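If you follow the hints, you should be able to join the two separate chains into one complex; please do so.
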Amino acid sequence: MSAATSILLLLHPTVVSDPSLVEATKRQLLLENPASDLVQHIIDRVATNTQQLSSNTYDLIHYLAPAEAKKNKFNSQLIEKLYDSLKPNGSFTGLIPDDSSLDAIICGFSIDDTESKWTKISKSQESVVSIPLKKKSSNTDPKSTHSLPTFKRLASPPVLTDSSEVDEDDPLEQTKLRETKLTYFEDSDLEMDDGDDDDDDDENAKNTFINEDELLDSYELNNSTPLIVPCSLSKPGDGKKRRKACKDCTCGLKEQEDAEENQQRSLQASILGNLAKSATDEAIAIEERLNKRKTDALKQLGEKIKFNADDLAEIDFTIEGKTGGCGSCSLGDAFRCDGCPFLGLPAFKPGQVITLDAFGEDI
Amino acid sequence: MVPNKRSIAILYGSETGNSLDFAYVLSRKCRYLRFDTTVSSLDDFDLKQLLYINILIVVCSTTGQGEIPRNGQKFWKFMLKKKLPNDLLNNVKFSSLGLGDSSYPKYNYAIKKIHARLLQLGAKEFSPRAESDEQSPEGSDAVYLAWETSLLSNLNTLYPLPNNEFSIDPDTLLPPINKVVVDTNKSEKVTHDQINSIALDRDISTTSSKLINVTVSSNDRITSDDHFQDVRNLILKDPKGSLRFQPCDTVSLYPTNDPKDVDELIRIQQWEEIADYPLTIEGKLPSVEGGLVRTLTLRSLLTHHIDIMSIPRRSFFMLAWHFAKDELERDKLKELSTIEESEQLYDYANRPRRSILEVIQEFFTLSIPIEYILEVFPIIKPRLFSISSGPNPSVVELTVAIVEYKTIIRRIRKGVCTRWIKELNVGDQISISINRNNVSFGSNEEPLIMVGPGTGIAPMKALVEETISKGSKREMFLFSGNRFSTKDFLYGDFFTKLSVSNKLNLFTSFSREKGGYVQDTLYANKVKINDLLLNKGALIYLCGSSGKMPIQVRITIETILSEVNQWSEEKAKAFLVDLENKNRYIQETW
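Chains A and B, in that order, give the protein sequences.
Under our numbering, read the first sequence as residues 74 to 436, first letter to last.
Under our numbering, read the second sequence as residues 480 to 1069, first letter to last.
Bound-form chain B, shown alone (with noise of 0.2 angstroms):
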């Protein structure tokens, strides 16, 4: 293989989407100045192939405290092994871009690391690095254009093309990358009412998740009837024994379209003739968390892996615009797809979360051509849930919220899992896939701080069920949060009864029933909470959703210390740092 000067890899690690987007972005305009050009996750990109490429652009996000994201972990094991020699990559170029929020203490870190490591194993920054701020007034748009701006034309000073070459006309339609091609001479399949089957038969042969089929055996609602949110526990049980997983891992679920939105997308597409043949997909397939369903037709792909009712993204508007007819509705996809007009994208799409399928409703010209439905939409991901149930080989058990709620657009705003959850049934089989966090609780006689409000519960009850089936004697105090006692104190008896039994140490906020919250019931048993923490060597470990929450358990915890120990602001937070250094602070927010 000889390798080409004008290849270029587009790597993302991407958590939400927002990288893998931006990849997307870039990668089509460097197909226009006829690059050879390749876009991927970190993880799916093969090693050995940076070898051979010329120019590496990086797009990644941060998550947790400073990490990789997911898709980014196998690629950033093998670039931290020490026996790495530091001109390794020095026949590649290179420039990053990292996508940040600085509302999380350590947002950008994944990239500066990425970067500071192909550094010293010898690659070469062609053309200046950027880190957004999603909290600049810019936002990470204007950061994406500069980036983009001087990228661009660094590569065409470095790579120019032969003279007797020109760049592609921008609005021009490139040949779809993954063509997807229905073979209406075979017969047709039946897959429009056989989702749950189809689902469990997966080609994992591209991907590195392994499955396991699990039954529903129990998909309770543990809020009361009149409590707003309606809450799920879902129990999962695989009659093989074959779960392996620890407090803190998380189960992927595998969700569906609703099979009323794949009829509707197939009726305005006019797809209803070829929808039920089979199809096959050229070039290298994509790579899919889970794998392909392998009854494959244009209704099965649109049902298990395209992600229709997802907001739209930027990428989307910039290949759909060539798809519509009137010449109206094309200007108005296209100027949706361009960065300067990034607030009119966001007013229209993001802030009444908007699906790909509601925009394909309105623009009635708009009319796909199936070899592109892989490059227009995007893949359904699979969901994570932390497990809540003690380690047992044959039943796993999820706290699952489900997503409900209003924006300016008529219809009820759905969660694509949550809805796909709530009509799982008893006795319906799915594919699940358990996610090893590997995270240790220290030797299992240090005290033990369970901070976990809403749904932060469910891992906190999967180490108190954990703690007690191994008759571990440790002390254990938790802290829940909720708004009701009556209504969604989420496992409450079960907790309550442990507490009855001196098990545990339940400290309950109700906030609607001037209960404050965690951190305020924190604050309250102070004394306790400074002296475990100081003297008896405790870990804490805290849950739930990311945002305020998080932050002000961390300041309540550094008042605690420095009012308790008249110790000064700086004392109380190096000590809290120093914890959280030795794996004594666990933060695991969403």
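Looking at chain A on its own, in the form it has when it is part of the complex (with noise of 0.2 angstroms):
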């Protein structure tokens, strides 16, 4: 995979008022290059230094402007940003401004037979050196937080490869790479991990760290992919129920919910009732079958006591109509049906041991 072209859209002052162009020409420069990053200025920012161009950043640079600007002629200061823009063979296409073609050899560009596309030649870089790339990158650096419209890429160190040249496959290209990028870490670990770090001084701060705010009108975020929209997961005859009480409800919800549980609590208290005159039933059994043991039986059974499956059928559910008879009411809340009484109380299984300890503090 290459990596995507960077393109950079410039618009003549009057062309912005005319939305549906712009659009068209960006879907066509998308289309013609796909999966590439567009960012957009006006040219007249660009000229007057008000818009920063980092360097070595594009690989094409769109001219969009209505016929007339053709007379405009581009001044060599114009040309020589262009130029230092581009990445080595990127080029500048659209509206080509007469009489500039001269200025542009000099500055490096290399102009096609129809005149419609001026290249950066890589090799004549060194042999130009109208800019300096790395003095020219420190410069825009502190410009390079300005808040703007549109969201500029930053300037500060310029790229360290052209990553467009890199062969992606070829492992030694890429160690190389690596290796570069990795002082960038270096210091990351003693530098964090200082509690009592001076990152209050404000000055500073600045100068070392971009401003996150910014991030949040960058040009990148609010032009890229759409957001993926939620599934839905309601179920047929769900309605539009939420699932939950919001935390600082409102609308009633959290009052029947609360109701929903103080119902079921003084089901509990009497399903427990039950539960122990059952357990204390089964604990008279007992005794009866195994006849003349300790007396006080009764009280310790009252701590342990075997159910069968005959005696859980039996106890009362204290609701008209409603028995153990499906048979999940003792597999716990998880198989438990919608208004099940046993809602709440722990999981027992016939035969198994149950203690009453099981119930918690406050049975």
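Misleading hints may appear alongside valid ones.
What follows is a list of derived Cβ distance ranges for each label pair [said to hold, decoys possible]:
no., chain 1, residue 1, chain 2, residue 2, range
1, A, 280, B, 1048, 52 to 60 angstroms
2, B, 643, A, 179, 57 to 65 angstroms
3, A, 290, B, 902, 46 to 54 angstroms
4, B, 544, A, 326, 47 to 55 angstroms
5, B, 1014, A, 280, 33 to 41 angstroms
6, B, 562, A, 295, 20 to 28 angstroms
7, B, 1062, A, 179, 50 to 58 angstroms
8, B, 990, A, 302, 37 to 45 angstroms
9, A, 343, B, 1062, 54 to 62 angstroms
10, B, 846, A, 347, 30 to 38 angstroms
11, A, 322, B, 1048, 25 to 33 angstroms
12, B, 672, A, 333, 22 to 30 angstroms
13, B, 1049, A, 120, 35 to 43 angstroms
Which bits of chain A does chain B cover? Going by a derived footprint, with three or more residues having C-beta under 8 angstroms, they are [unchecked claim]:
no., stretch
14, 247–255
15, 336–344
16, 400–413
Result set (BS3-like, lysine-lysine): computed pairs, CA atoms no more than 30 angstroms apart in a straight line [to be verified]:
no., chain 1, residue 1, chain 2, residue 2
17, B, 813, B, 658
18, B, 739, B, 658
19, A, 190, A, 143
20, B, 1015, A, 190
21, B, 993, A, 327
22, B, 508, B, 668
23, B, 885, A, 249
24, B, 561, A, 279
25, B, 1015, B, 1050
26, A, 350, B, 585
27, A, 143, A, 99
28, B, 763, A, 249
29, B, 508, A, 249
30, A, 279, B, 1027
31, B, 893, A, 327
32, A, 279, B, 689
33, A, 249, B, 527
34, B, 763, B, 668
35, B, 1061, A, 279
36, A, 327, B, 527
37, B, 1050, A, 99
38, A, 327, B, 804
39, B, 716, B, 901
40, A, 249, B, 562
Honestly, the hints are just simulated from the structure, not real lab data.
Quick caveat: nothing in here was measured; it's all calculated off a predicted structure.
Each residue gets a CB set at the ideal place from its N, CA and C atoms; glycine is no exception.
And the structure:
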């Protein structure tokens, strides 16, 4: 996979009033260069330095302007700026102004026969040297955090290597590039772990860190692929009911849930009453069967009693029409029906030893 | 090291554990597709590895006022460095998921910022990102599901398996990542009755937390006995005098589970025979805030680190179902692990606040193999409390509200940490760490308006003590909010005395004595508040529980500004935003 191309769309101030033209041009550019990043600026802002362009960044600069604008010659400073911000072999297309070819050639562009495209020749980079890349980039650094309607890629240190030229499958190239990059991580551990750092020094922080709030308005974020739309999880018949009450519920759902819980607790109380009664009955039965056991067995049996399936079936569920017939009540809340009177009580199995301790401290 | 095209790092920034859970759920899916998958918090990930991985996935919530969660702040500080070149991460393909709640104005800001910065640094988005809103009818789960579906399909297309390989059957049990092994050949260690001393001896080499051992000097209830809530004033002393903190800083406490609960789990899992032998953890150690205790046995691991009392998350069921022998139980556990059944999971686990222990208690045939325990159970997180005393190298005080409540489950729900605090005795030693928040309260001259209902009073007390101890003439206006003057007026005597001696302007609101809430008292003093804000350059510091309170206080301040100055609503709002940007409106809610 080759790296995506990076496109700068320069707009003549008059075309801004025609958004459909701008959109159409963008679509066309993106169609011709799939999976590319596109940034747009008004050309006047670039020419007047209001908008800095970072070095060695774009594969393509396209100028969108009305035909009349062809008469407006580019000055050499502007041409140098375009040259500087293009990657090697990158090109300038769109409306090519009259009488600017000479300056373009001086600057280091090659111009094709039809004069419809200026190309930055990579080897001429050294001979022209009109703008030393490194110096330029450090100059632009402080301005890179200007809040602008369109986000501009960070100008701070220029790209390490032109990534488009690195062969992703060449392990040697990759390793070399990675070693260069690793230097940026070297101080990362030491610096971060210091609990008493002096970041409250605002001035210092401003020079070291970008302003994170500006990221929210960044071009990249607002023009990346649209957000995923959630699937519908609601089941048929579920209606539009929210799954749960909000933290500060005011719609009454919270009260409803609380009321359900209270009702459930009083149900539990009567069930536990029945369990206790049943436990006592069972204890008496055992006592009769075993005969002549300790007389205080009854008290002890309050603690540990075995139930069998019949005993459980006999428990009065306190709600008319309800029996334990579904067979799931003993399995625990995960298996119990909505509205099961046992909801909230522990699971128990026929034949299993039940300790009343398990019911908690507040029976 | 040769980078692997099918290597994925799933990084989470998580405050309450939701992002962490989604990260683990996704990692399971990726492991079944045979991707080489690592999961880690943003901060625990070795940043250099970003140059070696191919695919990066970030799942992150937002905390405070649009900030990155605590376990992602180190990562974030690195990412914000200006000097990073814009092709630094051009080897990375990524996608992101934000977890948010639109009842907070700056929800999902953290993930937006992270996403934008990754793009700036040259990383390429390979699958569309998503942002969830807990308030939406679908909740986070539906967003996650849609995001996961598109992500997995994109992964499959971009990085298909070689022709001779197939994805793993989803019913296969994958080997554990951090295998836990009990060494029964060694001699047994006694770990059941020395909980306190074991807790003090921790291996902190894998974490950045600096631990300080302190002695409990007081643990008194400061609400009246007939008040519904038990609030403690916990005083901790450091004989070495090594405590460094400022108002607004917090203390991390490292609670342990109730030994009774640990015993119960050991009993029902039939681990009694092996519980006290030395134990080793294979693989790269999971990062544990505050470090693992050095005396490691199954019992000590369960007591000090394994969060058996937390509400089980989806990732728990995703693994646990493999370990139930009964068909019915297996199916039910598996069902609870699917996104489609999130409503059932909510009703079963979250709403009644059911603990993992209680789940295991009622799935009788669920028997968890020791080697998987670090993957099945979450790790106990430290709990943070605002410091309620002024700077002092030897003493730190905390205000702790004991959490106890009822749900449909019969047994009373208790907070793990507050249960532990409740049982701390004077003289006990515990380990703590201090988290510096570096909040600036201006230049010590502007008046301070402090609004701290309930336990939100804690950092206010710290600030008042600090100001007075410095001999500062700074004017202070404190708005406290409680139910009754006689039951839960936290530090009432302290503040009343200061008020009587004119060192503090105290404004109380006792809601059950017809005193209204803090916002009502603020409004009743609107001319004064307006004058302080407009003409005296005052700072507002607001603390307490999140939810309605901070919103209503904010609206009240806006109303005051617009009524007293006859400003439009917009102008009042803009003024407040400006205060915020100048750090004159400081809010800390939890």
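Right, here's what the structure says about each hint:
Under the hint 52 to 60 angstroms, the C-beta atoms of residue 280 of chain A and residue 1048 of chain B, about 38 angstroms apart, miss the expected range. At about 59 angstroms, the beta-carbon gap between residue 643 of chain B and residue 179 of chain A stays in the expected band of 57 to 65 angstroms. The beta-carbon spacing between residue 290 of chain A and residue 902 of chain B, approximately 51 angstroms, falls within the hinted interval of 46 to 54 angstroms. For residue 544 of chain B paired with residue 326 of chain A, a C-beta distance near 28 angstroms fails the hint of 47 to 55 angstroms.
One distance hint, 33 to 41 angstroms for the beta-carbon pair residue 1014 of chain B and residue 280 of chain A, holds here, with the actual separation near 34 angstroms. The given range of 20 to 28 angstroms is respected by residue 562 of chain B and residue 295 of chain A, whose C-beta atoms sit roughly 25 angstroms from each other. At roughly 52 angstroms, the beta carbons of residue 1062 of chain B and residue 179 of chain A sit within the given window of 50 to 58 angstroms. Hint check: residue 990 of chain B to residue 302 of chain A, Cβ distance near 43 angstroms, so the stated range 37 to 45 angstroms holds.
Checked against the given bound of 54 to 62 angstroms, the beta carbons of residue 343 of chain A and residue 1062 of chain B, roughly 58 angstroms apart, stay inside it. Separated by about 32 angstroms at the C-beta atoms, residue 846 of chain B and residue 347 of chain A satisfy the suggested range of 30 to 38 angstroms. Taking the beta carbon of each, residue 322 of chain A and residue 1048 of chain B are about 27 angstroms apart, inside 25 to 33 angstroms as hinted. The hinted window of 22 to 30 angstroms between residue 672 of chain B and residue 333 of chain A is violated, with their beta carbons roughly 42 angstroms apart.
Between residue 1049 of chain B and residue 120 of chain A the CB atoms are about 37 angstroms apart, so this pair conforms to the stated range of 35 to 43 angstroms. Taking a C-beta to C-beta cut-off of 8 angstroms, the stretch 247–255 of chain A contributes 4 residues in contact with chain B, enough for the three needed, and the coverage statement holds. With a threshold of 8 angstroms between beta carbons, the proposed coverage of the stretch 336–344 of chain A by chain B holds, since 3 of its residues qualify and at least three are required. Requiring three or more residues with a Cβ within less than 8 angstroms of a Cβ of chain B, the coverage given for the stretch 400–413 of chain A holds, as 5 such residues are present.
Among the hinted pairs, residue 813 of chain B with residue 658 of chain B is consistent with the structure: their alpha-carbon atoms are about 23 angstroms apart, no more than 30 angstroms. Distance check on the hinted pair: residue 739 of chain B and residue 658 of chain B sit about 26 angstroms apart at the alpha-carbon level, within 30 angstroms; holds. Distance restraint check for residue 190 of chain A and residue 143 of chain A: the Cα-Cα separation of roughly 14 angstroms lies within the 30 angstroms cut-off, and the hinted pair is therefore satisfied. Our distance criterion of 30 angstroms between C-alpha atoms is broken by residue 1015 of chain B and residue 190 of chain A, whose separation comes to about 63 angstroms.
Taking the CA atoms of residue 993 of chain B and residue 327 of chain A, the gap is about 25 angstroms. The hint holds against a cut of 30 angstroms. At most 30 angstroms may separate the alpha-carbon atoms for a hinted pair to count; residue 508 of chain B and residue 668 of chain B exceed this at roughly 39 angstroms. Of the pairs offered as hints, the one joining residue 885 of chain B and residue 249 of chain A is violated, with about 61 angstroms between alpha carbons and a cut-off of 30 angstroms exceeded. Restraint check: the Cα-Cα separation between residue 561 of chain B and residue 279 of chain A comes to about 9 angstroms, which is no more than 30 angstroms; the hinted pair holds.
Simply put, residue 1015 of chain B and residue 1050 of chain B have alpha-carbon atoms about 19 angstroms apart, close enough for the 30 angstroms limit, and the pair holds. Of the pairs offered as hints, the one joining residue 350 of chain A and residue 585 of chain B is violated, with about 56 angstroms between alpha carbons and a cut-off of 30 angstroms exceeded. Between residue 143 of chain A and residue 99 of chain A the alpha-carbon distance is near 20 angstroms, which keeps this suggested pair within the 30 angstroms criterion. For the hint linking residue 763 of chain B to residue 249 of chain A, the alpha-carbon distance of about 28 angstroms falls within 30 angstroms, and the restraint holds.
The suggested pairing of residue 508 of chain B with residue 249 of chain A is violated, with an alpha-carbon distance near 34 angstroms, which exceeds 30 angstroms. Taken as a hint, the residue 279 of chain A and residue 1027 of chain B pair is broken in the structure, with Cα atoms around 35 angstroms apart against an allowance of 30 angstroms. Pair hint residue 893 of chain B plus residue 327 of chain A holds up; C-alpha atoms about 21 angstroms apart against a cutoff of 30 angstroms. With a C-alpha separation of about 28 angstroms, the suggested pair residue 279 of chain A and residue 689 of chain B falls inside the 30 angstroms cut-off, and the hint holds.
Between the alpha carbons of residue 249 of chain A and residue 527 of chain B the distance comes to roughly 15 angstroms, so the proposed pair stays at or under 30 angstroms and holds. Taking the CA atoms of residue 763 of chain B and residue 668 of chain B, the gap is near 24 angstroms; set against the 30 angstroms cutoff, the hint holds. Our distance criterion of 30 angstroms between C-alpha atoms is met by residue 1061 of chain B and residue 279 of chain A, whose separation comes to about 15 angstroms. With a C-alpha separation of about 48 angstroms, the suggested pair residue 327 of chain A and residue 527 of chain B falls outside the 30 angstroms cut-off, and the hint is violated.
This hinted pair does not check out: residue 1050 of chain B and residue 99 of chain A have alpha carbons roughly 39 angstroms apart, beyond 30 angstroms. Taking the CA atoms of residue 327 of chain A and residue 804 of chain B, the gap is near 38 angstroms; set against the 30 angstroms cutoff, the hint is violated. The suggested pairing of residue 716 of chain B with residue 901 of chain B holds, with an alpha-carbon distance near 17 angstroms, which does not exceed 30 angstroms. A threshold of 30 angstroms between alpha carbons decides the hint, and for residue 249 of chain A with residue 562 of chain B the separation of about 20 angstroms falls inside it, so the pair holds.
Checked against the numbered hints given earlier, this structure breaks hints 1, 4, 12, 20, 22, 23, 26, 29, 30, 36, 37, 38; the rest are met.
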